[in-house]
Amino acid sequence: MSTTTQRPTAADSRTTSKAARVLGDRRLPVLVTAGLFLVMYAVGLSRYQNYGFAEAQVFLNLFIDNSYLLVAAVGATFVILSGGIDLSVGSVIGFTTMFTAWLVERQGLPIVVVIPMALAVGAFGGFLMGYVIQNFEIQPFIVTLAGLFLFRGLCLVISKESISIGDSSVSSMAQTQVSLGGAFLSIGAIVALVVLAAAFYVLHYTRFGRRVYAIGGNEQSALLMGLPQGGTKIAVYTMSGFCSALAGLLFTLYIQSGDPLHATGMELDAIAAVVIGGTLLTGGSGYVIGTLFGVLVLGLIKSLIQFEGTLSSWWTKIATGVLLCAFILIQRAMTSRRKT
Amino acid sequence: MTTTPRWRALTHHHLFWPVAVLVILLLVNVPFTPDFFAIKMTDGHLYGSLVSIVLFGSPLILVAVGMTLVIATGGIDLSVGAVVAITGALTCSYISDQADQSALSGVFLALGIGLVAAIVCGLWNGFLVARMGIQPIIATLIIMVAGRGVAQLITDGQIITVNSEPYKLIGGGYWLTLPFSIFIVAAVVAVTVVITRRTALGLLVESVGGNAEASRLVGIRSMRIKIMVYVFCALCAGIAGLMISSNTSAADGNNAGLWIELDAILAVVIGGTSLLGGRFSIGGTVVGALVIQTLTTTIYTIGVPTQTNLVFKAAVVIIVCLMQSPKFRAKVFGAKLGGKQAAAPAPAETAPAAEASPKMEVS
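The listed protein sequences correspond, in order, to chains F and B. Using the numbering used here, the first residue of the first sequence is number 1, and each one after it goes up by one. Using the numbering used here, the first residue of the second sequence is number 1, and each one after it goes up by one.
No wet-lab data here; the hints were simulated from the structure. Don't take each hint at face value.
Unchecked claim - To be clear about the criterion: a stretch of chain F counts as covered by chain B if any three or more of its residues have a C-beta under 8 Å from a C-beta of chain B, and this derived list gives those stretches:
| hint | stretch |
| --- | --- |
| 1 | 134-140 |
| 2 | 151-164 |
Stated by the list, open to error - Sample of chain B residues facing chain F (criterion: CB under 10 Å; computed from the structure):
| hint | residue |
| --- | --- |
| 3 | 133 |
| 4 | 134 |
| 5 | 141 |
| 6 | 145 |
| 7 | 258 |
| 8 | 265 |
We put the beta carbon where it would ideally sit given N, CA and C, even for glycine.
Using the sequences and the hints, build the whole thing.
Put into structure tokens, the structure is as follows:
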């Protein structure tokens, strides 16, 4: 039950109908999301053909413009797979932009020194939250809520106003283009893809990844099996904190400023991306590749709205909510099938 | 409990710690503002720090009271902030379209439209949670994400301002020398307490929160109860939305009620209602909401930069949660408790609640 990388057992598929087997396939939500992405992309192609939607750069911009969200959502995938939730993501991202901008601009530190510091702070914040969740048995929801308040507060303690970054090494880093034939990717997008690949490896090919699935599938069983559940949980939150800080650095590069209100509510985007990507919110089932498609779908909504020109930005929120709803219902249909 | 000293009975009352925190917070203000407790009468209105704490805390109390019942059923409602924004947006945009914005009939109709929208949101949440069996945190996330978009859609992304005397009364007016919103809050709290404590409804809510399946088996319509609490919660949020937009005479789809869901959950937790469901304390929640509002006011009055507000809140959340965690108490105070009273942590948590639930009252 908890080793989720496998398909449903053979006994299941023999006794159940074909429809039930399709619905019971754990890869279904990922395929649905990937299909949705393709359909949306095709709609964009047919609708905005004359506006250059077909250009490779438009496609690659999805990765460039959402690199930070992808990294944050990868962190959130780990937490959700383990059956937890992390509400502090947006605040940690906001804090990292502020912290980085402040150290670079006001303290004159070189960016190469600041990057490890910011990552360490994010990871340590995640570790603390994980420690409290694990050792004092307080719900993740409430602990990471405190984290949300804390990091957003710390942003404002650093400065109430936004700090723009004029540092030349930062802007040259931000503007570096990695050429791919006719189009290019930014450094942020490359980093995000590397993070995605690393997460894929860790989740599906390491002992740690299997523990994450096991704990999310059934914590009691995992405990009885003798899995080091405490350490794994703390590690998951530490990773989420690290990913949030990394996402914050990418966001800083992308936007070249620190602002106490940056990335407000981005934890919801990250959670939405994970859910739309087909990861079960109760934990234990899902793929990090699904998260990639979740992020791409959310990104594509934004670029479709941009190409449409007449639609306003709030449609992004509404469309995200509708998609979220649809995928939650799909998940629900799947899990109820599996139980019967 | 009859053999224990009165002091012990007092400290074990479920409202003891919330009230103690509130009193301490209020007293902290005195050295900085000597006339903190003074209430002045100006122009026939009462003014003073205490009045303004209740006035500015009104929307939070309302939302938190609704949230308490949802949490008591073992759920959570993240959508209240969005419902606040939607209600305010609908009501204000309707009023601003009227030729005579102060016409009573138009205002009442606008209030009705806003509150109906809130109820629809509640029905939707309740449907997803009770009928479809989706985790509450996720089910309500949908409106939390989409709702603000809807609110901005209604206001067309603008901040709609209204100029309506009757509407202004709800959140910014005075009645019998007191802010009118205090009466609304008092009425909602009183009705909630009467319905949940003088009828069996409160018991049913707690039963559903304790074990929904068992409740269903003994004949409680747990699905209906769950839908009802989500509707009630959304309605409370809707009234809070009216109050907030009325106070500023404006509807801001983007910022109205921002993070109020988190403050409300915090108020519920401070008030001693367990997030796991199964029991609740309306009185505790009201005190909890007042604690949060007092904290905000205190931060203003003692001259700490206001931006540290959130850091303080984070500290409060953590401290309150740690104090409520049996495991934390066992670890930190374990040695002391272990000697005097054997299995101290767990019973200390459940005893006051079990004793309090049948005959609960407001603070």
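Hint check, residue 265 of chain B versus chain F [nearest Cβ-Cβ separation less than 10 Å]: The hint holds - residue 265 of chain B has a Cβ within 10 Å of chain F, the shortest such distance being about 7 Å.
Hint check: 10 Å Cβ-Cβ cutoff, residue 134 of chain B to chain F: Since chain F brings a Cβ to about 6 Å from residue 134 of chain B, closer than 10 Å, the hint holds.
Hint check, residue 145 of chain B versus chain F [nearest Cβ-Cβ separation less than 10 Å]: This interface hint holds because 4 Å falls under the 10 Å limit.
Chain B over the stretch 151-164 of chain F, status - at least 3 residues with CB closer than 8 Å: holds (count 6)
Given hint residue 258 of chain B near chain F, where the shortest CB pair must fall under 10 Å: Holds, because the Cβ-Cβ distance from residue 258 of chain B to chain F comes to roughly 8 Å (cut-off 10 Å).
Coverage criterion applied to the stretch 134-140 of chain F (partner chain B; beta-carbon cut 8 Å; 3 residues): holds (count 5)
Hint status (Cβ of residue 133 of chain B to nearest Cβ of chain F, threshold 10 Å): With a minimum Cβ separation of about 7 Å from chain F (threshold 10 Å), the hint on residue 133 of chain B holds.
Satisfaction of the residue 141 of chain B interface hint, Cβ to chain F closer than 10 Å: Since the shortest Cβ distance to chain F is 7 Å, the answer is holds.
In terms of the numbered hints stated before, the structure departs from none.
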